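Visitor: Each chain, written out:
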Amino acid sequence: MQEFLQQLANGIAWGSIYALIALGYTMVYGILRLINFAHGDVYMVGAFTAYFAARAIGAGGSSPSPVYALIVLLAAMAACALLGVIIEFFAYRPVRRSSRLTALITAIGVSLLLENLGIRIFGADPKFFPQLVAPKRVDLGGGVVVTNHQITVVVVALVLMVALTLFVTRTRTGKAMRAVAFHRDAASLMGIPVNRIITITFAIGSALAAAAGVLVGLTNPKIEPLMGIMPGVKAFVAAVLGGIGSIPGAVIGGLVMGVSEYMVVGYVSSTFRDAIAFIILILVLLIKPAGILGRNITEKV
Amino acid sequence: MFRMRTLTRALVTASLAAALVLPLGCAKRSNELVVGVYGSLTGSTATFGTSTKNGTELFVDNLNTAGGIGGTKIRTIVEDDQSKPEEAATAVSKLIEQDGVIAVLGEVASSRSMAAAPICQQAGVPMISPSSTNPKVTELGDYIFRACFIDPFQGQMLAKFARSTLNMTRVAILHDSKNDYSVGLDTYFTEAFRALGGTIVADVAYSEGDQDFKAQLTMIKGKHPQFILVPGYYTEVGLIARQARELGITEPMLGGDGWVSDKLLEIAQDALNGSYFVNHFYEGNPDPLVQKFVSDYKQRYGANPDGLAALAYDAAGMLTSALTKLHDEDPKAFEALKGPRNDEQKAARAKLRDLIAATKDYPGVAGKITLDAKRNAVKAAVFIGIENGHYKFVAAVEP
Chain V
34 MQEFLQQLAN
44 GIAWGSIYAL
54 IALGYTMVYG
64 ILRLINFAHG
74 DVYMVGAFTA
84 YFAARAIGAG
94 GSSPSPVYAL
104 IVLLAAMAAC
114 ALLGVIIEFF
124 AYRPVRRSSR
134 LTALITAIGV
144 SLLLENLGIR
154 IFGADPKFFP
164 QLVAPKRVDL
174 GGGVVVTNHQ
184 ITVVVVALVL
194 MVALTLFVTR
204 TRTGKAMRAV
214 AFHRDAASLM
224 GIPVNRIITI
234 TFAIGSALAA
244 AAGVLVGLTN
254 PKIEPLMGIM
264 PGVKAFVAAV
274 LGGIGSIPGA
284 VIGGLVMGVS
294 EYMVVGYVSS
304 TFRDAIAFII
314 LILVLLIKPA
324 GILGRNITEK
334 V
Chain B
15 MFRMRTLTRA
25 LVTASLAAAL
35 VLPLGCAKRS
45 NELVVGVYGS
55 LTGSTATFGT
65 STKNGTELFV
75 DNLNTAGGIG
85 GTKIRTIVED
95 DQSKPEEAAT
105 AVSKLIEQDG
115 VIAVLGEVAS
125 SRSMAAAPIC
135 QQAGVPMISP
145 SSTNPKVTEL
155 GDYIFRACFI
165 DPFQGQMLAK
175 FARSTLNMTR
185 VAILHDSKND
195 YSVGLDTYFT
205 EAFRALGGTI
215 VADVAYSEGD
225 QDFKAQLTMI
235 KGKHPQFILV
245 PGYYTEVGLI
255 ARQARELGIT
265 EPMLGGDGWV
275 SDKLLEIAQD
285 ALNGSYFVNH
295 FYEGNPDPLV
305 QKFVSDYKQR
315 YGANPDGLAA
325 LAYDAAGMLT
335 SALTKLHDED
345 PKAFEALKGP
355 RNDEQKAARA
365 KLRDLIAATK
375 DYPGVAGKIT
385 LDAKRNAVKA
395 AVFIGIENGH
405 YKFVAAVEP
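The listed protein sequences derive, respectively, from chains V and B. Using the numbering used here, you'd call the opening residue of the first sequence number 34 and step up by one each time. Using the numbering used here, you'd call the opening residue of the second sequence number 15 and step up by one each time.
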């Protein structure tokens, strides 16, 4: 029982990372109906930006401090927000009026570009994230032990989910986003600056990916240019599982993915670690294609 | 008309073929021997390749400065395999086919040596792996050698050390299922440890490149082992150690020569204190040969040599000592090695192979090397302990 609870706790922390990445996927999909395959690589760039930012300000090492951690986090989020805007402007905007398949292929192209630029610029050998916050063990009772890093990850994921939901439902920009998602041309006729709204969506989505990158660096300090591929794909599955386009759905999907991964490794075999994501994807597509919180919308023909 | 065309075509084909072959054949007639080196200069085991390259180049440059082999210089061509087996195969094909090397030195990781060995065997180019310990590597052919001990020995020594020296009976194993070296070492250790009356309470797997090991470690924690054997490579070992401590696992860890890297403690930080691993080499060895190597290495690279650099130095030494013998015994064959890739050179490489196979009591910095009938070196292993972030010599075990 103790072992089960420990696996559950670890799975929730791990799943929160997927949830953060999935939030970005789901936002972009919700507005643009575009699966942004480069999202996982933005997450990688976020981790590397944080790595270099931390070294630049001399964070980590002997004097870990939460203030430094916050600076590094904000720097990475800002850099990736900018990256997201650039990607949208140069890669997706020109093909926005083309078929969806064109946009999808462009996204895969951007993803490969980022990965290989990463290898070129950062080098193929893994880097090790400096310790921004000293790890501390926290006893949750019943022999279940987690670290302060894991708690941070879960809290940040939940806070961002709530903040994002409030942003989308309560603010003017959020309202405009929903309008663009609902009908882009109609929104444009109503005087909503569609381009600016899409840019903001990309900026927020990419900043979330960067946050996930930094948090991963905190708990799992190895970073490398290809680190975004698997988490990107798994977060995509998480978004589909939760109902793509739904913000709480992305978080639920991420948590389900994280926990199921831990249970499979803990009780079956570590070789199924990556397979479980795709088994889940197939099951979702067969049983409830709209996902847990997704609504069934009949496609207009 | 028809005939004319066939004839023209035949002529064109023939001249094209000649154009392709001739430059390769004629270009080389210089007074040097070209030796290929391949290794992981980048990727998850980047320090393996870097150490190996440094050790090899140190030996070769020293030899060249001292006049080479009877006036013939050795030139090394180094290829990076990015820590990937498929790239290792490509690198070695390139070295043999394009650069026309007469022998190949590499790799550290057994999986990558095993990807490259069949290519060397096929081409009849001797390959010496400095530090691949999986027994299957040299079983791939009679042109494949190694300068280090093999995993059955390493596994046995680890089992003995755990059982007799540390007096422990319950072990959990966390191995890398994608890695031939790790799976092999796990098997040999398990066999030996059981024979000594020990119990394996858990044997779970991870895959190279994994980030997160807490699921496996949680399972291990529930079995209450006295220590954990991690027969993997340093990147994962470092992460595993940190995550184990985060879960409150305080038991020491034990590992093989895959731990040998100056990055190990940078990754693990203080999580490996109290743990032990096997190495090939101990830099504090008072033997003047070793001390000269250590000081040369430090002077040139500004760092202490690790066990893999020492073995690379020895592998280069084994090869050049066989070349020296060839030069003394059969100067004609030696000259043929510098010449074009023809039957004469092939016969010379076969002679070189025989001379490497006959290596006996070669005085290496990581111990005397004598090759057995299976082309494996038989030599001592060294146990290193980690205390307060420093390495400490524990014991040397003779075979």
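Do not take every clue at face value.
[To be verified] Partial list, derived from the structure: chain B residues whose beta carbon lies under 8 Å from chain V:
id	residue
1	Asp226
2	Ala229
3	Met233
4	Thr264
[Said to hold, decoys possible] Pairs of lysine-lysine residues, derived as BS3-like cross-links and limited to a Cα-Cα distance of at most 25 Å, are as follows:
id	chain 1	residue 1	chain 2	residue 2
5	B	Lys237	V	Lys169
6	V	Lys160	B	Lys98
7	B	Lys150	B	Lys365
8	V	Lys169	B	Lys277
9	B	Lys150	B	Lys174
10	B	Lys98	B	Lys87
11	B	Lys87	B	Lys393
12	V	Lys160	B	Lys150
13	B	Lys393	B	Lys339
14	B	Lys98	B	Lys192
15	B	Lys174	B	Lys108
16	B	Lys382	B	Lys393
17	B	Lys339	B	Lys312
18	V	Lys160	B	Lys339
19	B	Lys174	B	Lys393
The set of hints was computed from the structure by calculation and includes no laboratory data. Please read these numbers as outputs of a predicted model, since none were measured by experiment. No residue lacks a Cβ here, since even glycine has one placed at the ideal position from N, Cα and C.
Visitor: Against this structure, judge whether each hint is valid.
Guide: Hint check results:
1. Taken as an interface hint, Asp226 of chain B checks out: its beta carbon lies about 6 Å from the nearest beta carbon of chain V, inside 8 Å.
2. With a least beta-carbon distance of about 4 Å to chain V, the hint placing Ala229 of chain B at the interface is held under the 8 Å criterion.
3. Restraint check, Met233 of chain B versus chain V: the minimum CB separation of about 5 Å is within 8 Å; hint holds.
4. Below 8 Å, beta-carbon pairs count as interface contacts, and Thr264 of chain B has none with chain V, the closest being about 11 Å; its hint is therefore violated.
5. For the hint pairing Lys237 of chain B with Lys169 of chain V, the CA-to-CA distance comes to about 24 Å; that is within 25 Å, so the pair holds.
6. At roughly 18 Å between alpha-carbon atoms, Lys160 of chain V and Lys98 of chain B fall within 25 Å of each other, so this suggested pair holds.
7. For the hint pairing Lys150 of chain B with Lys365 of chain B, the CA-to-CA distance comes to about 24 Å; that is within 25 Å, so the pair holds.
8. Between Lys169 of chain V and Lys277 of chain B the alpha-carbon distance is near 23 Å, which keeps this suggested pair within the 25 Å criterion.
9. The straight-line distance between the Cα atoms of Lys150 of chain B and Lys174 of chain B is roughly 23 Å, inside the 25 Å bound, and the hint therefore holds.
10. Simply put, Lys98 of chain B and Lys87 of chain B have alpha-carbon atoms about 31 Å apart, too far for the 25 Å limit, and the pair is violated.
11. Proposed proximity of Lys87 of chain B and Lys393 of chain B is contradicted: the alpha carbons are some 30 Å apart, above 25 Å.
12. Between the alpha carbons of Lys160 of chain V and Lys150 of chain B the distance comes to roughly 32 Å, so the proposed pair goes past 25 Å and is violated.
13. Between Lys393 of chain B and Lys339 of chain B the CA atoms are separated by roughly 23 Å; this keeps the pair inside 25 Å, and the hint holds.
14. Under the criterion of a C-alpha separation no larger than 25 Å, the hint pairing Lys98 of chain B with Lys192 of chain B is consistent with the structure, at around 12 Å.
15. Using a Cα cut-off of 25 Å, the hinted pair Lys174 of chain B and Lys108 of chain B is violated, with the two alpha carbons roughly 43 Å apart.
16. Restraint check for Lys382 of chain B and Lys393 of chain B: the C-alpha separation of about 7 Å stays at or below 25 Å, so the hint holds.
17. For a cut-off of 25 Å, the pair hint linking Lys339 of chain B to Lys312 of chain B is broken: about 30 Å separates their Cα positions.
18. Between Lys160 of chain V and Lys339 of chain B the alpha-carbon distance is near 45 Å, which puts this suggested pair outside the 25 Å criterion.
19. Only pairs whose Cα atoms come within 25 Å are accepted, and Lys174 of chain B paired with Lys393 of chain B is accepted, the gap being roughly 17 Å.
Of the numbered hints listed earlier, those contradicted by the structure are 4, 10, 11, 12, 15, 17, 18.
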